[in-house]
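Engineer: Take a look at the letters that make up each chain.
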Amino acid sequence: QKEVEQNSGPLSVPEGAIASLNCTYSDRGSQSFFWYRQYSGKSPELIMSIYSNGDKEDGRFTAQLNKASQYVSLLIRDSQPSDSATYLCAVNIGGYNKLIFGAGTRLAVHP
Amino acid sequence: NAGVTQTPKFRILKIGQSMTLQCTQDMNHNYMYWYRQDPGMGLKLIYYSVGAGITDKGEVPNGYNVSRSTTEDFPLRLELAAPSQTSVYFCASTLAGSGPYEQYFGPGTRLTVT
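So the protein sequences, as listed, match chains S and U.
Taking my numbering, the leading residue of the first sequence gets 762, the next gets one more, and so forth.
Taking my numbering, the leading residue of the second sequence gets 7, the next gets one more, and so forth.
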C-alpha cells in the first residue's frame, strides 16, 4: 500500500526561527510533491509544489526533494504566529493527478 | 469566481439515513475529487472524476456513490449512513494539463452520524 509518513507533532518553534517539516513516501514512481497548509476548521491550501530533486524557494518557504531517499521537506524561515497550522504533505500516485496525503504535522509558532 | 463550493456546511444524520453532499466548481476544471478527513488524519480519496460521465473509485469508496452529469457538479451520495462515516468531506478540482496540478479545495462539509 502506498503511504506518506509525517511526524504528527506538535512542532513548537519560537517566532523568527526556522521550522523544518519532514515527509517520507513509499512509491518510488511518484513524480510530484506538494505541501498544503490547513488552518483549524478550514480547507487545505497549496503553499509549495516540487517536481525535481533539490531545493525550491518561494518567499519564506523552501521545499526540498530527494527522490533517492524518498524524502520531502519544507522549511519555513522567520516563522510567524500566523504560520501556526497543520502542514500536509501530498504525493502524486499516478494518473489523473490523484494524491495521497500524510496525516499532517501540527506547527505551533509562539511569540 | 466562487471556486469550489460545497453544501451543506454541517449536517447531522441518523444511522441508516441517506444524503447527498453537493459540490460545484466554476473554474471549468475537468478533474474533480471527493476526500474525507477524520480527526488528526490526512485526507483519504473516496472517488474521483476525470470528466462528465466518468468516475472511478479512490482509496475508501465503500458506502458512497458519485455521479458526474456536468463539468461543474460532482455530488457524493451516502446511502445507509453509519457512524464510521462521521468525518469532514472535502471536494476538490483541478484542470488537467495546466500544471502544477494544484487541487483547489472547497470549504468542506462536517458530517456527524449518530
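It is worth saying that the hints were derived from the structure and are not from the lab.
There could be a bad hint or two in this list.
Derived CB-CB ranges, DEER-like [to be verified]:
| no. | chain 1 | residue 1 | chain 2 | residue 2 | range |
| --- | --- | --- | --- | --- | --- |
| 1 | S | G856 | U | R116 | 50 to 60 Å |
| 2 | U | D79 | S | P771 | 19 to 29 Å |
| 3 | U | N34 | S | S769 | 46 to 56 Å |
| 4 | U | G59 | S | H871 | 23 to 33 Å |
Below, computed lysine-lysine pairings styled on DSSO-like, alpha-carbon distance capped at 30 Å [unchecked claim]:
| no. | chain 1 | residue 1 | chain 2 | residue 2 |
| --- | --- | --- | --- | --- |
| 5 | U | K63 | U | K15 |
| 6 | S | K828 | S | K817 |
| 7 | U | K20 | S | K803 |
| 8 | U | K20 | S | K828 |
| 9 | U | K50 | S | K859 |
| 10 | S | K763 | U | K20 |
| 11 | S | K828 | U | K50 |
| 12 | U | K15 | S | K803 |
| 13 | S | K803 | S | K817 |
| 14 | S | K803 | U | K63 |
| 15 | S | K828 | U | K15 |
| 16 | S | K817 | S | K859 |
| 17 | S | K817 | U | K15 |
| 18 | U | K50 | U | K63 |
| 19 | S | K859 | S | K828 |
| 20 | S | K828 | S | K763 |
| 21 | U | K50 | S | K763 |
| 22 | S | K763 | U | K63 |
| 23 | U | K63 | S | K817 |
| 24 | S | K859 | S | K803 |
The structure presented is a predicted model; accordingly, all values stated were derived computationally and were not measured.
For glycine and all other residues, C-beta sits at the position ideal for the given N, C-alpha and C.
Engineer: Does the alpha-carbon distance linking K15(U) and K803(S) stay inside the 30 Å limit?
Structural biologist: Cα-Cα ~11 Å, so holds.
Engineer: Decide if the proposed pair is consistent with the structure: K803(S) and K63(U), CA atoms, cutoff 30 Å inclusive.
Structural biologist: holds, 25 Å
Engineer: Is the Cα-Cα distance between K50(U) and K763(S) 30 Å or less?
Structural biologist: Given pair K50(U), K763(S) holds - Cα atoms ~12 Å apart, limit 30 Å.
Engineer: Are K817(S) and K15(U) close enough, with their CA atoms no more than 30 Å apart?
Structural biologist: This hinted pair is violated, its Cα atoms lying about 36 Å apart.
Engineer: When you check the alpha-carbon spacing of K50(U) and K63(U), does it fall within 30 Å?
Structural biologist: holds, 11 Å
Engineer: Against the 30 Å threshold, does the CA-CA distance of K828(S) and K763(S) hold or violate the hint?
Structural biologist: With a Cα-Cα distance of about 15 Å, the restraint between K828(S) and K763(S) holds, given a limit of 30 Å.
Engineer: K50(U) and K859(S) were given as a pair; does the straight-line alpha-carbon distance stay at or below 30 Å?
Structural biologist: Satisfied, since the Cα-Cα distance of roughly 11 Å is no more than 30 Å.
Engineer: For the pair D79(U) and P771(S), does the Cβ-Cβ distance stay inside 19 to 29 Å?
Structural biologist: Violated, since D79(U) and P771(S) (Cβ atoms, about 38 Å apart) do not stay within the stated range.
Engineer: Determine whether the Cβ-Cβ distance between N34(U) and S769(S) falls within the hinted range of 46 to 56 Å.
Structural biologist: Violated, since N34(U) and S769(S) (Cβ atoms, about 37 Å apart) do not stay within the stated range.
Engineer: Is the Cα-Cα distance between K828(S) and K50(U) 30 Å or less?
Structural biologist: holds, 23 Å
Engineer: Holds or violated: are the alpha carbons of K63(U) and K15(U) at most 30 Å from each other?
Structural biologist: holds, 24 Å
Engineer: Quick one: are G59(U) and H871(S) within 23 to 33 Å, going by C-beta?
Structural biologist: At roughly 51 Å between Cβ atoms, H871(S) and G59(U) fall outside 23 to 33 Å, so the hint is violated.
Consistency note: the structure conflicts with the earlier hints numbered 1, 2, 3, 4, 8, 10, 15, 17, 23.
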